[in-house]
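From first to last, the protein sequence lines stand for chains A and B.
Take my numbering: the last position of the first sequence gets the number 1723, and nothing is skipped along the way.
Take my numbering: the last position of the second sequence gets the number 1723, and nothing is skipped along the way.
Rather than coming from a laboratory, the hints here were simulated on the basis of the structure.
Built from N, CA and C at the ideal position, the CB exists for glycine as well.
Do not rely on the hints blindly, as some may be mistaken.
With a cut-off of at most 27 Å between alpha-carbon atoms, the simulated DSSO-like pairs for lysine-lysine come out as follows [stated by the list, open to error]:
{"#": "1", "chain 1": "B", "residue 1": "Lys1621", "chain 2": "B", "residue 2": "Lys1695"}
{"#": "2", "chain 1": "B", "residue 1": "Lys1599", "chain 2": "A", "residue 2": "Lys1621"}
{"#": "3", "chain 1": "A", "residue 1": "Lys1539", "chain 2": "A", "residue 2": "Lys1662"}
{"#": "4", "chain 1": "B", "residue 1": "Lys1463", "chain 2": "A", "residue 2": "Lys1695"}
{"#": "5", "chain 1": "A", "residue 1": "Lys1662", "chain 2": "B", "residue 2": "Lys1695"}
{"#": "6", "chain 1": "B", "residue 1": "Lys1662", "chain 2": "A", "residue 2": "Lys1599"}
{"#": "7", "chain 1": "B", "residue 1": "Lys1709", "chain 2": "A", "residue 2": "Lys1599"}
{"#": "8", "chain 1": "A", "residue 1": "Lys1605", "chain 2": "B", "residue 2": "Lys1421"}
{"#": "9", "chain 1": "B", "residue 1": "Lys1539", "chain 2": "B", "residue 2": "Lys1418"}
{"#": "10", "chain 1": "B", "residue 1": "Lys1411", "chain 2": "B", "residue 2": "Lys1421"}
{"#": "11", "chain 1": "B", "residue 1": "Lys1695", "chain 2": "A", "residue 2": "Lys1463"}
{"#": "12", "chain 1": "B", "residue 1": "Lys1630", "chain 2": "A", "residue 2": "Lys1605"}
{"#": "13", "chain 1": "B", "residue 1": "Lys1709", "chain 2": "B", "residue 2": "Lys1630"}
{"#": "14", "chain 1": "B", "residue 1": "Lys1599", "chain 2": "B", "residue 2": "Lys1470"}
{"#": "15", "chain 1": "A", "residue 1": "Lys1695", "chain 2": "B", "residue 2": "Lys1630"}
Per the computed footprint, the stretches of chain B lying under chain A, defined by three or more beta-carbons under 8 Å from a beta-carbon of chain A, are [claimed, not checked]:
{"#": "16", "region": "1428-1442"}
{"#": "17", "region": "1610-1624"}
{"#": "18", "region": "1651-1662"}
One-sided and incomplete, this derived list gives chain B residues near chain A with beta-carbon spacing under 8 Å [claimed, not checked]:
{"#": "19", "residue": "Trp1473"}
{"#": "20", "residue": "Cys1563"}
{"#": "21", "residue": "Glu1567"}
{"#": "22", "residue": "Thr1569"}
{"#": "23", "residue": "His1584"}
{"#": "24", "residue": "Ile1586"}
Protein chains: 2
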Amino acid sequence: MRINLKEAAEFLKSCKDAVIITHQSPDGDCIGAGFALRDILAMLGIRSRVICSDEFPKRYAFMTKTGWGEDFEPQTVIAVDIADTQLMGNLREEYENKVDLCIDHHISNIEYAERLLLDPDAAATCELIYELAKELGVELTDHCAACIYTGIATDTGCFKYECTTVRSHEIAAELMRNHKIRYAAINREMFDVKSIGRLKMERIVTDLMEYYLDNKVTMICITNKILNELGVDANDLDGCASIPLQVEGVEVGITIKEREDGAFKVSMRSADDVNVSAICQKLGGGGHVKAAGCLVTGTLEEVKEKLVETVRQSLEVE
Amino acid sequence: MRINLKEAAEFLKSCKDAVIITHQSPDGDCIGAGFALRDILAMLGIRSRVICSDEFPKRYAFMTKTGWGEDFEPQTVIAVDIADTQLMGNLREEYENKVDLCIDHHISNIEYAERLLLDPDAAATCELIYELAKELGVELTDHCAACIYTGIATDTGCFKYECTTVRSHEIAAELMRNHKIRYAAINREMFDVKSIGRLKMERIVTDLMEYYLDNKVTMICITNKILNELGVDANDLDGCASIPLQVEGVEVGITIKEREDGAFKVSMRSADDVNVSAICQKLGGGGHVKAAGCLVTGTLEEVKEKLVETVRQSLEVE
Chain A
1406 MRINLKEAAE FLKSCKDAVI ITHQSPDGDC IGAGFALRDI LAMLGIRSRV
1456 ICSDEFPKRY AFMTKTGWGE DFEPQTVIAV DIADTQLMGN LREEYENKVD
1506 LCIDHHISNI EYAERLLLDP DAAATCELIY ELAKELGVEL TDHCAACIYT
1556 GIATDTGCFK YECTTVRSHE IAAELMRNHK IRYAAINREM FDVKSIGRLK
1606 MERIVTDLME YYLDNKVTMI CITNKILNEL GVDANDLDGC ASIPLQVEGV
1656 EVGITIKERE DGAFKVSMRS ADDVNVSAIC QKLGGGGHVK AAGCLVTGTL
1706 EEVKEKLVET VRQSLEVE
Chain B
1406 MRINLKEAAE FLKSCKDAVI ITHQSPDGDC IGAGFALRDI LAMLGIRSRV
1456 ICSDEFPKRY AFMTKTGWGE DFEPQTVIAV DIADTQLMGN LREEYENKVD
1506 LCIDHHISNI EYAERLLLDP DAAATCELIY ELAKELGVEL TDHCAACIYT
1556 GIATDTGCFK YECTTVRSHE IAAELMRNHK IRYAAINREM FDVKSIGRLK
1606 MERIVTDLME YYLDNKVTMI CITNKILNEL GVDANDLDGC ASIPLQVEGV
1656 EVGITIKERE DGAFKVSMRS ADDVNVSAIC QKLGGGGHVK AAGCLVTGTL
1706 EEVKEKLVET VRQSLEVE
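Extracted from the complex, chain A is given alone in its bound form (with noise of 0.2 Å):
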């Protein structure tokens, strides 16, 4: 049942030993809206527990200094920025169908819980958390103001993408106003620091960037033979695919990766204008405008040479 943010906080003021449930693979904004929440419920005088399937990456380590919450057993489940119980990991069977409060700002969510608090207009759960706060007149500690700016800073890479809007600008100016916030140490932290890992599957990436079509187009081919010899795996360099955008006049990133069976999975990602699902489309693919992918047969060349020239023809239309 979907309900407002009225209907929210009146629950939240009538709820009781309460788990709050964060996402697998969990970031700023759902570690931010679990532990604010968390604070929330206490000046409320209401027991609370933050709970997740998979451990919080150092970084987040400030926001759980206030510690993850009594012990008890609970009588309210509360899962916030989770769309789909799928993504509560190995917490999933334990509370899937026990949820009486989802919190979350995904248009994707699958409405799930008993009672669902949903803005897709929201840039962050965490806008959804400070709106909270406000509706049950409760003043917010340093640590809670720290929790929602970090959820609102991560889910917009810093009010730098398209979700970013007025009410986020508005919401870190009065928490900025309000409160002793480390912003500029939260977001190196959350932006600048990489790990020495990161930076050495950068370095490959940029070693294995192919430039086609005056250098609009770049290229990285992922075979076994070339994964063998780095001693890396594939999955390192998945979160690596947005690299090639980063060049300059580059307008399609392409990642070929060779499958077991000799078959090529492509990815497509474009940086402005060029609507990549069309793209793939033509070579039985598909996806998003500015991210899609297909499978291509052939040998490397083969491959390489087609996805230039179906690239080619739809930067000429464009």
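Position chain B against the provided structure of chain A, taking the given hints into account.
The following block gives chain B in isolation, referenced to the frame of chain A:
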């Protein structure tokens, strides 16, 4: 003479045929301020022209598309975001003693102008341009709003750095509420896009990085031998000094450059709490808390050892 916002607005209303000077090595803030001010003057019916000693980088082209301005004999000279006449480049001789109004946010402003509107608490000169427009009661065009947004975004690192204020977020919110700004595309151009050359340089820097003291310290040694082998100029590596600090856990980033005379020029940067100025002072140098330098003689191995040992002692004390 220092003037306030109201006085600056009065001056702008009464001025005629204005040249607007932006600083050398132009960035998003001075370009944004220059072209936003040109829009504002146009709305007041005043002719103006933006000038700069250097060419603008291509990524700022969307700001100049309204035109650089009319051709006339200037009656008014306005400098934006220029703290010192030295920063006028080859325009200095002609204009340094003729600036009627300077609009700036650098606390280091040497007060060279007849009238100075200075607010060191502003994150960007563009924040002052926005406030001037409000004071003048001018309705901004979307182009003008985009220029102001870009100036604030670039000087705050997209709202990431310490200098970001409540006001920065508030102005961004107001601009986005009232205007069509392609903020995601602008931010991509400003922050994500890199030239192929820059990407290569980052690769070289990553390759040269050595790790010490449990990876808390990274060192890059740029010897003449290495430069010859790579076929690059030492200056090409200048903008890469902050890369070592992006590595998780790194507290001090050291760059060593071999000089012609065989001595080593050392630059030290700190991520957070370490005072590298104090460390460099021990080696006969100095600087700022987070960016300092010194000159060390000896063989490369001796210099490296001396540096690591000095940093080690400082980290232990902290």
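Now for the hints, and whether the structure bears them out:
| no. | hint | verdict |
| --- | --- | --- |
| 1 | Lys1621/B <-> Lys1695/B | 15 Å, holds |
| 2 | Lys1599/B <-> Lys1621/A | 13 Å, holds |
| 3 | Lys1539/A <-> Lys1662/A | 49 Å, violated |
| 4 | Lys1463/B <-> Lys1695/A | 24 Å, holds |
| 5 | Lys1662/A <-> Lys1695/B | 43 Å, violated |
| 6 | Lys1662/B <-> Lys1599/A | 25 Å, holds |
| 7 | Lys1709/B <-> Lys1599/A | 24 Å, holds |
| 8 | Lys1605/A <-> Lys1421/B | 57 Å, violated |
| 9 | Lys1539/B <-> Lys1418/B | 13 Å, holds |
| 10 | Lys1411/B <-> Lys1421/B | 18 Å, holds |
| 11 | Lys1695/B <-> Lys1463/A | 24 Å, holds |
| 12 | Lys1630/B <-> Lys1605/A | 24 Å, holds |
| 13 | Lys1709/B <-> Lys1630/B | 17 Å, holds |
| 14 | Lys1599/B <-> Lys1470/B | 22 Å, holds |
| 15 | Lys1695/A <-> Lys1630/B | 44 Å, violated |
| 16 | 1428-1442 | violated (count 0) |
| 17 | 1610-1624 | holds (count 4) |
| 18 | 1651-1662 | holds (count 3) |
| 19 | Trp1473 | 24 Å, violated |
| 20 | Cys1563 | 5 Å, holds |
| 21 | Glu1567 | 4 Å, holds |
| 22 | Thr1569 | 7 Å, holds |
| 23 | His1584 | 11 Å, violated |
| 24 | Ile1586 | 11 Å, violated |
When each numbered hint is compared with the structure, violations occur for hints 3, 5, 8, 15, 16, 19, 23, 24.
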